[in-house]
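Protein chains in written order, with the numbering used here: chain A, 1 to 510; chain B, 1001 to 1328; chain C, 2001 to 2148.
Read the hints as simulated data drawn from the structure, not as lab findings. Incorrect hints may appear among the rest.
Said to hold, decoys possible - Here are the computed distance ranges between Cβ atoms for each label pair:
(1) B:ARG1312 - C:SER2031: 32 to 40 angstroms
(2) A:ILE384 - C:ARG2024: 44 to 52 angstroms
(3) B:GLY1219 - A:VAL473: 50 to 58 angstroms
(4) A:PRO353 - B:LYS1181: 45 to 53 angstroms
(5) A:ILE384 - B:ALA1277: 49 to 57 angstroms
Said to hold, decoys possible - Sample of chain A residues with no beta-carbon within 12 angstroms of chain C, all distances over it, derived:
(6) GLY9
(7) PHE12
(8) SER13
(9) ARG103
(10) LEU180
(11) VAL368
(12) LEU371
(13) VAL414
(14) VAL466
(15) PRO469
Glycine is no exception: its CB is placed at the ideal position from the N, C-alpha and C atoms.
Below are the chains, spelled out letter by letter.
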Amino acid sequence: MLETLGNLGLGFSVALAPSILLYAFIGCLVGTLVGVLPGVGPLAGISLLLPATFGLDATRAIVMLAGIYYGAMYGGSTTSILMRIPGEAASVMTCLDGYAMARKGRGGAALAIAAVGSYIAGTVSIVGLMLLAPPLADFALRFGPPEYLALLLLGLFVLAYMSSGSMTKSLAMAAFGLLLGMVGIDQMSGYFRFAYGVVSLGDGLGVVPVAVGLFGIAEILATAGQATPPRVVKPRLRELLPSREEWRESAAPIGRGTVLGFLIGILPGSAHIISSFVSYAVEKRLSKRPEQFGHGAVAGVAGPESANNSATSGAMVPMLALGVPSGPIPAVMLAAMMVHGVSPGPLLIQQKPELFWGFVASMYVGNVVLLILNLPLVGLFVNILRVPYTYLYPAILVFSMLGVYAVNGSVVDVWIMLIMGVVGWVLRKLDFETAPVVLGLVLAPMIELSLRQSLAMSDGHYGIFVQRPIAGVLLGVALLLVLLNLYAFVRRGLDWRARLALAEKGEETS
Amino acid sequence: MRARRALAVAAVLAVALPLVAGAQEPYPSRPISLVAPFPPGGVADSTARPVAAALEKVLKNPVAVVNKTGAAGAVGMQFVATSKPDGYTLLLALSSISIIPEADKIFDRRPAFTVDQFAPIALISADPTILVVRTESPWKTAKEFIDDARKRPGQISYSSSGIYGTLHMATELLSHAAGIKLRHVPHAGAGPALTALLGGHVDALASGPVVVLPHIKAGKLRALAGWGDTRVTALPEVPTFKELGYPDAEFYIWAGLFAPRGTPEPVLARLREATRAAVAEPEFRAAMDKLQTPIAFKQGDEFQKFFDADARRLADGVRKVGRVEDKK
Amino acid sequence: MTTERVSGVALALLAAAVLEECWRLRLPLGSLATPGPAYMPAVLALALLAAGVLIAVLGPAAAPLAAVGWGEWRHTLAIAFTCAFVALALEHLGYRLTMTLACAFLLAIVERKPLVATLAFSVGLAAGTYFVFDTVLRVPLPRGPFGL
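Construct the complete structure from the given sequences, taking the supplied hints into account.
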């Protein structure tokens, strides 16, 4: 313990050096900017600024890139809350309740809760990173294809808790999303599926164009043509911050989101978006008023936003402790380290303590910087809503198309966004939820790959799933949940969701 | 009458002037794009950046790295193959450039591009892959590994970065050369493939040396043999498969500079000369040293020979692998 | 012609199309022990088919299609058309020109805002975003004729 504190002291002495502080600040600023832009997420931001780091030394480069990474996570919630456009893929869940809160005039509160939740999650998860990096990393390594499959099947279950309407409709949307995830090259056999000669579709439909299209573009298509422009309650300055009640409601979700996000972030190969989906589902399940979700539940913003920020720290655990990239973003950071001659590996923490601890300390500092940056900006951002909608929406369209194009420099992405926008508009009209589509799109390739990899590992025997302890336990939990739900369904006669749906229909017709 | 003549003169000038100006335009006079077909963080990108910086210095002209990712490199490669051959769009390709068209062929697909759509400029680096296993595994030498594989065909598993990817093809070449059958578990990229090995979910991996060196030094992984012509400089005690009696198991994850075919000869000559100078730049050498990637510069006929031999080997290998689904 | 019927049938048709494509493209199905590239799409398509049929047949009595309120379809079409224009023209006309035209079209023709305000806004937005991305962030954006 004492050693850790001593190391942390070393870290802070490195991190608080003015030049390093400067780069952390630049990183956070750029990250927030990048996050606010629709579609352009942390990966795009880091890739864009990677060349700029080549002239710096290793510590400064990593500190700046990390600043961009979680700065983007902070910024991503802004457009989600104010305009229902995901700032990046992981902010999709914030679009649901965050935007609803903004419509009710609580936009400022939502932004503040998102910022504070992100801060708490970011800081606490760094503690986890600091104290538990090596043992956690080892645990994460034991997750192989069978364990992933079990975990992802559990994640599919999350879908059941996301919908507030008809179960069949959400399942249909999930199946649709899962099917969308089947587009692209099949990693196991080399076949191009449903790509029809378009090489850019080889890696599948990107999450970013689909999410921005289904949520943002669909929203614009639906509201731009309304006879009366959307009536956004313009809040007074006093009402910008959350009420005491709202703070109380967000405390526990922030805590749960932090833990969940961190654990999910550690697993190599998991995406941030999964941590926010799972957090949303958990909050909805544990809430005393689940019918509020989708209409402005504070927990629906606090939980997912905290989760995706602590997933950021979680993702760095395998990277720093083992030198293994857990996803594309840590891979870029590893490359940045290699370019500077730092070879990441299991001995990094021992060989370059000033890098590791300086990095950890700068993350603390960065989170504080971001909180200071974001809170006052809440007032500024909310004022964007004052712009008349007829001028606002073309600007949003331009930004969305720009963001989606900039990620890969591909016009195909813009087409996907447009088509999914139209699809999203139709789905809204026909009363279907679009969040399950995005989740399906993300999960499908992972589920399929894990399943086929597991079978390749075991030469076709399904027994592998129960022979391995972690996978067996997870599958057991999933089975238990299924049985519990069936039991509750049978017992109560009516699923609470169906009751909700009926209540909503009653609301609409009255 | 007067007006019509004036118009005709103007028209002629409008057409002729740009042509004349263009013909006399020295190369290079505009920023050059060096397309890296893989995302930042990978071998292609990490090699492309020092190359771009060094070329920029030598040519005294901006050279920017553009990432065009997708489909295991096919998107970027197709992009350059179909771009204007004026010398302002170049490609830093990996050995997969020879694999992708072959894979397309065996699936009866119209190939995304063909190898002859490119004009080779130079080879920059050629890292041989090495076979790594965990230190806890029972095989201490490559011989033990191969013997065990012969005794238990299809039981020893290995991961790769994806089907028909570089790591897969390397292992396939070994399997054919040594007459063994291994179990392939494809992953979505080199990172996940390494993670799977470290976590004990597969038994072996053919990997580029750079990413596994820290793990070998830390005692987590053991290198059994390499696919190169010579031993890896950082691992002098690791034999090559050639030494062990399998000369057909030769595979390099090489990075080379290409231009679209049809680029005028003087431009190509200028680029070749510039690359030769760039590779000698001390900053470039320092950068590659930091990446721990040895420079293996080849040009002209030497590169062509290397490229052709490599392409033939890989095409053969891909054809032997065939369509995995058909073999079940 | 309720919304449920229409959407259910549409989903079922989509599922059928996916199954047909798997067949036409001759994607191998594989077996339960070694699933092929067509396995998961086929399973999902069957699930979607079932869901579509269930929605169409058993869905609670919903509003007829017309009552949903498609009033804004002209607007929607205009916006969709604008986006399509951008996708088509972006790499040929260059970023700034395309965005200016798109924005101007939306503001001047669809929303009928005064011309001066429209042009100022459109040009400003296109040039401003181009500056931020191309010059500051160094993300190459397509240039069109005349280096626009």
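query = For this structure, which hints from the list above don't hold up?
reply = 3, 10 and 13
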